[in-house]
Amino acid sequence: MRNVVLFMHVSLDGFCATPNGGLDWVSYDGELEKYAEGIVSTVGAPLYGRATYQMMESYWPTVLRKESATKHERDHANWVENVPKVVFSRTLDKVEWNNTRLIKDNIVEEVTKLKQQPGKDLVIFGSPTLAHEFMRLGLIDEYQLTVSPVMLGSGTPLSIPLKEHHRLKLLSSKTLKSGVLGLHYQTMRES
Amino acid sequence: MRKTIFAINMTADGFFGHEDGIADEELHEYFTELLRNADLLVMGRTMYQLMVPYWPNVAKNQSGTKAENEFARTFDSLDKIVFSTTLKHVESKNTKLMSGDVAEEVLKLKQLPGKDISIDSLNLASQLSQQGLIDEYHFVVHPVVAGKGPRLFETDSLKERLHLKLAGSRTFRSGVIALHYIKTETRAV
Chain A
1 MRNVVLFMHV SLDGFCATPN GGLDWVSYDG ELEKYAEGIV STVGAPLYGR
51 ATYQMMESYW PTVLRKESAT KHERDHANWV ENVPKVVFSR TLDKVEWNNT
101 RLIKDNIVEE VTKLKQQPGK DLVIFGSPTL AHEFMRLGLI DEYQLTVSPV
151 MLGSGTPLSI PLKEHHRLKL LSSKTLKSGV LGLHYQTMRE S
Chain B
1 MRKTIFAINM TADGFFGHED GIADEELHEY FTELLRNADL LVMGRTMYQL
51 MVPYWPNVAK NQSGTKAENE FARTFDSLDK IVFSTTLKHV ESKNTKLMSG
101 DVAEEVLKLK QLPGKDISID SLNLASQLSQ QGLIDEYHFV VHPVVAGKGP
151 RLFETDSLKE RLHLKLAGSR TFRSGVIALH YIKTETRAV
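Heads up: the protein sequence lines correspond to chains A and B, in order. The opening position of the first sequence corresponds to residue 1 in the working numbering, with each subsequent residue numbered one higher. The opening position of the second sequence corresponds to residue 1 in the working numbering, with each subsequent residue numbered one higher.
Hints in this document: simulated from the structure, not taken from any laboratory. We treat Cβ as the ideally placed atom computed from N, Cα and C, and that holds for glycine. Careful: at least some of the hints might be erroneous.
Chain B side only, calculated, beta carbon under 7 Å to chain A, not exhaustive [said to hold, decoys possible]:
1. Pro143
2. Val144
3. Val145
4. Ala146
5. Gly147
6. Ser157
7. Arg161
8. His163
9. Leu164
10. Lys165
11. Gly175
The following block holds chain A by itself, in its conformation from the complex (with noise of 0.2 Å):
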């Protein structure tokens, strides 16, 4: 069975964007472009919620049209393109991306049977507000966090209260040169 994995780059006491959404305060450089790199090769298909989902298809299109694209903008925005995507979401009636499919309710049966396909991965990127809906349904199965060594104080916590902890395995772990550490976990689930 393939894994829901949550892909989020978070502050050192656990928020994953400012109050006004931002994103400015992540230790962003080459080192961790690559990093993320080795996590979207373990992606079969992204997972969004609305909100990102909204963001990724008025972007990354135009991407392939830029001619001031990086190499490694011009392969994502490919990338992107062409792989299958998830969005789940009670609000919007269809879904107009390539390759892209909208899940409205259900969201436990459907992701088991996503789950149950052959493939890689299923990665939520960013997405807080689906992230933390899966968390409440206990749908995630491994956390790939990038934590930049800053406190914000406030903003969208990666976590919502629970009805009990998650607890995790740490599978991995790696020191980059910003001070950033990426953090692989695997959710603990009762046998």
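The hints should help you fit chain B onto chain A, whose structure is shown.
This is chain B only, laid out in the frame that chain A set:
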């Protein structure tokens, strides 16, 4: 100037608090090692009541594991200052009660000769951190998503982002990862 350190257990999603952490030998050894470099502990009432008389009793009776006993001995032997406006007296020896301005007092203490000063309280650390009075942070991250709990800067909200420099990390067998950060000079955001 003496160094102030703040060492604390944390969840992977940024909460502090004591449930569900993995308190094994490696963890206690880590904190003991930090305390050995200190000669003064500064805490608030909440932390004081959590630690005393629990740890002094463990030290007296040697009733814990090897690493717990060693931590207890080290903790017990250190001079302590408790900042509280509500506590009337303290029961442990080598403990002084103070109620003045924490930042002012810590600054005075830093200028005296001595080993590290360990700040053992979330609220005090939140205050002192923003005034640049914490030199080193040790966040011991446990492999758990708690969803809620006390946060740093909850009682004293951050006026501007706090940028730190990662100085090292150590992974324990349990999957706990101890992160060592040092203060950077404040810069414009």
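Do the hints match the structure? See the list:
The closest approach between the C-beta of Pro143 of chain B and any C-beta of chain A is roughly 4 Å, which is under the 7 Å cut-off, so the hint is satisfied. The beta carbon of Val144 of chain B comes within 5 Å of a beta carbon in chain A, closer than 7 Å, and the hint placing it at the interface holds. Residue-level restraint check for Val145 of chain B holds (minimum Cβ-Cβ distance to chain A is 4 Å; threshold 7 Å). Interface hint at Ala146 of chain B: satisfied, since its Cβ lies 5 Å from the closest Cβ of chain A, which is below the 7 Å cut-off.
Against a cut-off of 7 Å between C-beta atoms, the interface hint on Gly147 of chain B holds, since the closest Cβ of chain A lies about 4 Å away. Interface restraint check for Ser157 of chain B: the shortest CB-CB distance to chain A comes to about 6 Å, inside 7 Å, so the restraint holds. Taken as an interface hint, Arg161 of chain B checks out: its beta carbon lies about 6 Å from the nearest beta carbon of chain A, inside 7 Å. The interface hint given for His163 of chain B holds, since its Cβ lies 5 Å from the closest Cβ of chain A, which is under the 7 Å cut-off.
Interface restraint check: Leu164 of chain B against chain A, minimum CB-CB distance 5 Å, threshold 7 Å, status holds. Nearest Cβ of chain A to the Cβ of Lys165 of chain B: about 6 Å, under the 7 Å cut. The hint holds. Because the smallest distance between the Cβ of Gly175 of chain B and any Cβ of chain A comes to about 3 Å, under 7 Å, the interface hint for this residue holds.
The structure shown violates none of the earlier numbered hints.
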